[in-house]
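Residue numbers (the numbering used here), protein chains in the order written: chain A, 1 to 107; chain B, 1001 to 1339.
In short, the hints are calculated from the structure, not lab data. Note that the structure is predicted; figures quoted are calculated from it, not measured. Yeah, the Cβ is synthetic: ideal placement off N, Cα and C, and Gly gets one too. Among these hints, one or two may not hold up.
[Unchecked claim] Quick list of simulated restraints, FRET-style, between CB atoms:
| # | chain 1 | residue 1 | chain 2 | residue 2 | range |
| --- | --- | --- | --- | --- | --- |
| 1 | A | E96 | B | V1021 | 54 to 60 Å |
| 2 | A | F47 | B | R1169 | 15 to 21 Å |
| 3 | B | R1322 | A | P77 | 27 to 33 Å |
[Said to hold, decoys possible] Stretches of chain B that chain A covers, calculated by requiring three or more beta carbons in the stretch to come under 8 Å of a beta carbon on chain A:
| # | stretch |
| --- | --- |
| 4 | 1022 to 1034 |
| 5 | 1150 to 1161 |
| 6 | 1255 to 1265 |
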Amino acid sequence: MADIGTEQGRKGDWVQIHSTVLPAGQRSPAVPPETQAVPLEMRVKGFLDHDAAVGDEVTVTTAIGRTLKGTLEAVNPPYTHTFGPIPPELVHVGVELRERLKGGGDR
Amino acid sequence: MSAAQGLKCIVVQEVFDSRGVGQPEILEKGRHCEAYGAEVLQLTVGPELFYVFLAILEETGFFNASLYTPFGIAGIETIGAEIAEDVKRREGRFPDVVVITHAGGGNVTGTARGLRKVGCRAQVVGASVDLSGLHMASDRDFNRKSFTTGHTGFGVPFATWPDRADVPRNAARPLRYLDRYLTVTQGEVFYVTEMLARLEGLERGPAGNTSLAAAVALARGLDKDQIVVVQETEYTGAGKHHYAQLNFAKEQGIQVRRGDPRESKPGESTVIPERPEQIKVTDFDLNRMRRSLIRNAMEGAGAKSAGNVELDFLAEETQTDRAFVKQTLGELGVSVNEV
């Protein structure tokens, strides 16, 4: 299996591809100008059908077996969303509320 | 669900802005779906998502597991029925008020129908996060909000014109059921999300807690023995968490501070209350929404006049009566042929 961040993908690697669904200028007339000015893009993950480098046009077989085309964007793409630190604006809330409940209420 | 049934599943999401920056809540939802073996198509901002979605339905012949089919609604009805029956079992009577987070309308419609099916006539209150001023189809505004559902950006347009969705006729028609529609601010929901974890030991993603924030404020105006049920439907995980959402908001240039949540402005600032007393609700004018639905329905049908069938249908659609519908149609200049 490829490591995270590898630029070269091998057949069978789990990858992410990118494609343009609608180019800028062909967007729905209902969307505001800032959205009109950019393309509608799509990203999807799948198993690479053939050896390729990031940036190459490729086909993948998705998790349910469909074949999709696009530009190879990442090999073994990571999930990067996190919790992050406790926001300072929330860190005292629990203590404040417990203090308010002291000596009264049901608990 | 599909995984357990051995069915193939495709999920289409609106995830990124044009910089490729993904909304944490949606990234997490995508990861969750991929973990169950779904093919997840992740799009940039825009309502053309529906076009992509319909094209895939046509191409694959897959079943449209839309939130807006009668099947989707029926699946939520059980929540309403359970709420009423559980409260009756524990307290000997039905709840007085049920507060439901409202966005596309399915949650309100399904829950309210479930309540009614078991004979519970509790007041049905919808609650949304106020995102006024932000455009839901804007590439810029997309990542300047901390809530991707349960907000007025969906709550208002879908209530006043349900048939804008991915089905020919939407089964989610919330104005048929809503007795009150309340808005709260983003900061208030983050505050009660923290409160829920610290005081009740329930850690949940913020979007579902919109109803909780509204209920906290609402409960102050009720008698001590009245029962309010908060219908909460969110899970939690990295991204789908108030810490993640607030950190992300700061990265997008949103000012986050403690203070009076009334001072917040969607897309510019999020204000976390300093005390529970600062949590307040704002009543959205349901009659204005009802008039809007009637106007949209007449325009959508291209109708210049209305008879008994239309009057009764629109009265049902808006939970009003013929008199209300006739008055509204009169204001719109639509002729009425009542017999």
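Hint by hint, here is what the structure shows:
| no. | hint | verdict |
| --- | --- | --- |
| 1 | A:E96 / B:V1021: 54 to 60 Å | 33 Å, violated |
| 2 | A:F47 / B:R1169: 15 to 21 Å | 39 Å, violated |
| 3 | B:R1322 / A:P77: 27 to 33 Å | 58 Å, violated |
| 4 | 1022 to 1034 | holds (count 6) |
| 5 | 1150 to 1161 | violated (count 0) |
| 6 | 1255 to 1265 | holds (count 3) |
Against the hints set out earlier in the document, violations occur for numbers 1, 2, 3 and 5.
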